[in-house]
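S.K.: Each protein sequence line maps, in turn, to chains W and B. Under this note's numbering, the first residue of the first sequence is numbered 1, with each subsequent residue one higher. Under this note's numbering, the first residue of the second sequence is numbered 197, with each subsequent residue one higher.
Hints are computed from structural coordinates only; laboratory data are not their basis. Wrong hints could be hidden among the right ones.
[What the hints assert, rightly or not] Keeping only pairs whose Cα atoms sit at most 20 Å apart, straight-line, the calculated PhoX-like set for lysine-lysine is:
1. W:K192 to W:K181
2. B:K332 to W:K192
3. W:K156 to W:K94
4. B:K332 to W:K90
5. W:K156 to W:K192
6. B:K332 to B:K317
7. W:K94 to B:K268
8. B:K221 to B:K317
9. W:K41 to W:K181
[Claimed, not checked] A few chain B residues facing chain W, derived, Cβ under 8 Å:
10. F209
11. G265
12. I292
13. T344
Quick caveat: nothing in here was measured; it's all calculated off a predicted structure. Each residue gets a CB set at the ideal place from its N, CA and C atoms; glycine is no exception.
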Amino acid sequence: MSFINYSSREINCKIVYYGPGLCGKTTNLQHIYSKTNPELKGKMISLATETERTLFFDFLPLALGQIRGFKTRFHLYTVPGQVFYDASRKLILKGVDGVVFVADSQVERMEANIESLDNLRVNLAEQGYDIEKVSCVIQYNKRDLPNAAALDEMRKLLNPGGLSEFEASATTGLGVFETLKAVARGILHDLKQMSG
Amino acid sequence: MHDTQLVMYEEDFRKVLAVTQRLVKDANAKGIFVVDRNGQMISEAGEMRGIDTTSLASLTAGSVAATGGLAKIVGEEEFPVHFHQGQRDNLHITLIAGRIILVVIFDDRSSLGLVRLRVKKAGAQLAKIFEEIQKKAEQSQAQGSAGTPFAEITDEDIDNLFSV
């Protein structure tokens, strides 16, 4: 849950990038890190294996500016995507305000996408969250690859509920900031509704 | 059910800060940090200003979460105290009231025994303060907390945030 500090006039929110192994969650954060002004970002931390696979999480703090006199800070986390790291994924989801589900557009990864999305639903539900209620956006990543599945097909499988969705290519940066903006916007809307 | 949103007002913050500042002296510590279990830095005191506190908070929360996971596997509810010994500096981490993490950094000017003793008292004080904060948050959530600045956030405010 977001942390509102009236003393330092800050709002802190947590965004988690979720998705199957090698779908591009870390690449999303790396692109955001490389394109953000130094004064707006903190240090990016990657707890990864020797082969650069995420072991626990990546972390990137971002300060976006002020809203109603409060500094707005977003803490971006990724989860390890490989199936056997489920215990770690559950821990990282704790206290989440918004989720980006990064889907791998390659046809052969469609089952992995479905499995990971089901896993997200289960892990959110364990903490009392509903995927339809928590601020969640879907990113169809790797759209630039020749073996990318048709968008309609992916939508049918992964987004029947009509959540906000974006096409992306995290290696080139296409769609990365649009995705981040959408999830941040959703979180702030939730904050407004909770306060209303 | 998930956690209530953590809202900290000036008066609460001052109480927390007073406890952490006292603990720096009582425990002869280099630095004291109070971190939310979700990885948000709440308060800091001591001579370690200037270090990357955002990363410290996030990694502490990650470490406590991972150790909590281990505890459950072996049939424990939690391992509420962690101690990391370094060549110069040591880290003493305590989970308080299941929600707040108290981090003490100390060197050879202090000792593990002294830190443990002082943390026990400060931890009880922090637990009480955060219990009050939690009660306030639940009350205001039940009342809908109209009148907070966020009730008036407009789409334009949100768009402006991304125009920089």
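S.K.: Take the hints in turn and mark each one as holding or not.
M.R.: Verification of the hints:
1. Taking the CA atoms of K192 of chain W and K181 of chain W, the gap is near 16 Å; set against the 20 Å cutoff, the hint holds.
2. Between K332 of chain B and K192 of chain W the CA atoms are separated by roughly 19 Å; this keeps the pair inside 20 Å, and the hint holds.
3. Restraint check: the Cα-Cα separation between K156 of chain W and K94 of chain W comes to about 29 Å, which exceeds 20 Å; the hinted pair is violated.
4. This hinted pair does not check out: K332 of chain B and K90 of chain W have alpha carbons roughly 28 Å apart, beyond 20 Å.
5. For the suggested pair K156 of chain W and K192 of chain W, the alpha carbons sit about 31 Å apart, so the restraint of at most 20 Å is broken.
6. For the given pair, K332 of chain B sits about 23 Å from K317 of chain B by alpha-carbon distance, which is inconsistent with the 20 Å threshold.
7. Only pairs whose Cα atoms come within 20 Å are accepted, and K94 of chain W paired with K268 of chain B is accepted, the gap being roughly 16 Å.
8. At most 20 Å may separate the alpha-carbon atoms for a hinted pair to count; K221 of chain B and K317 of chain B meet this at roughly 13 Å.
9. A hinted pair counts as satisfied when its Cα atoms are at most 20 Å apart, and K41 of chain W with K181 of chain W qualifies at roughly 15 Å.
10. Taking 8 Å as the C-beta contact cut-off toward chain W, the hint placing F209 of chain B at the interface holds, the least distance being around 4 Å.
11. Annotation: G265 of chain B was flagged as interfacial toward chain W, and the flag holds, the nearest CB pair being 5 Å apart, inside 8 Å.
12. At a threshold of 8 Å, the smallest CB-CB gap from I292 of chain B to chain W is about 16 Å, leaving the interface hint violated.
13. Using the Cβ-Cβ criterion of 8 Å, the hint placing T344 of chain B at the interface with chain W is satisfied: the shortest such distance is roughly 4 Å.
In summary, the structure is inconsistent with hints 3, 4, 5, 6, 12 from the numbered list given earlier, while agreeing with the others.
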